[in-house]
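The lines below spell out each chain.
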Amino acid sequence: MSNPSFAQLYPYLIGLSALLFTLGVIGVLVRRNALIIFMSVELMLNAANLAFVTFARQLRQLDGQVFVFFVMVVAAAEVAVGLALIVTIFRTKKSTNVDDISALKG
Amino acid sequence: MSIDIVLFIILAAIAIVSAIAMIVTRNAVHSALFLVVVMAVLAIFFLGLGGPFIAMVQVAVYAGAIMVLFLFVVMLLGAERVGARSGLRWQIPVALALGVALLAAVGLLTFRAEPSAAAPLEPSSFATHTANACVDDVAAVRNAAQQERGVALGTPCLVGDQLFTTYLFPFEVVSILLLVAMVGAVVLTRRERTA
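So the protein lines, in turn, are chains A and B.
Mapped onto the working numbering, the consecutive letters of the first sequence carry residue numbers 1 to 106.
Mapped onto the working numbering, the consecutive letters of the second sequence carry residue numbers 107 to 301.
Pulled out of the complex, with its shape left as it was, chain B reads as follows:
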């Protein structure tokens, strides 16, 4: 048994237990902290999957900024204790049944395709894949060349290269989206002075 598999099992167990604890716990602060654990575990997975930049962004933006914002709001509202049960008796069983059904459907799709999915693409097959998919821009080919030498996939340099060449327009659109969200948050939380 490879060390990777042992590592995967341990990390996956931590992630699943933390996710369940996030849903089950009655304290909103505890929920937020369990979610931070899940995000940290996912950052480790990203690191292992060749995405050091994405892993660091995950820690800084998700586990750092977004979850701290959550904690701010939870403590600002004083909503740490959330005891109230649902008004609908049948809601939890139905939700669990639907969740299990969703998991069964997705799991069936994932593991039925296992033979093809498990087969890693060899560098040679990657070359034909690139040609077939018409991904002939310089950056992609450069990525492929670096992959064959075993260089990490998503270094900040390569991700930035993609962001500012292939994905330049989405990148600009997303910056406007952030601006709109910022203005929207300020407008929504502004108290009505004139009222």
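If we strip away everything but chain A, and leave its shape as in the complex, we get:
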């Protein structure tokens, strides 16, 4: 994929990134299951990563890929804590529906 014709795909890769990000946003807004909402957030992070890597390629700078690395680390940390929270909430509320979680007190 290193031939020059690939260069004309950069705007479409950014467009694909935007589309995937939008799908992630819609997932967060539409679904009420905390697990699916988390997966949609992961989809948004992945879409942003695609934009990062595309720009890194377009500008011939490695920094974009290093940032993707950091985004992945932050995503891993976020998932670990977030899933722990979901498990803890499920123990008390017996539900992963975010509409049921309306009180700050457990």
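A portion of the hints provided could be inaccurate.
[Claimed, not checked] Part of the chain A face toward chain B, derived, beta carbon under 7 Å: (1) G15; (2) A18; (3) L29; (4) I37; (5) A51; (6) A76; (7) V87; (8) I89.
Hint data in this document are derived by calculation from the structure and do not stem from the laboratory.
All figures in this text were calculated on a predicted structure; none of them were measured in a lab.
Glycine included, every Cβ here is placed at the ideal spot set by N, Cα and C.
We have chain A; now place chain B onto it with these hints.
Same frame as chain A, but now just chain B:
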């Protein structure tokens, strides 16, 4: 029509359909598996965009570790079936409208800038770009030199070089962040023995 474009269309279609299926399906396990498909497709894109290291990390960390953690939790909670509809009737139409508006805004920004964005930076223009942006550290110049010879952009060696020179401090901070997340996950899921 170049093979790259055909490949792009096929992969993009797989990614979009999988992402939509992830949102639509009523089974949380299916959602997780569709998300794995999206991540695998993105890993192929990363490979094509000159990031073999990032592509492998994407497969190992994202599609491997993170999604397996998701599947563990889904099956641990027995929350595979998520039938419950939203309590708010107007929520889905409003969410779709807002999503389309967001897509229109981002798409407008992306494709309005197409002439400049589509023009690939030539190696010569890259040299001036480097000088103008004051990116004069040795690693960046070395990357540029390797780029002109057509070497892959993000090999593990080059990414590691960047991580441990330019981005050393963020790298250390991020390691502490991971430690905090690990301790936090253990503390949060710990059962209260004394209670």
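Output the indices of the hints that this structure fails to meet, ascending. 4, 5 and 8
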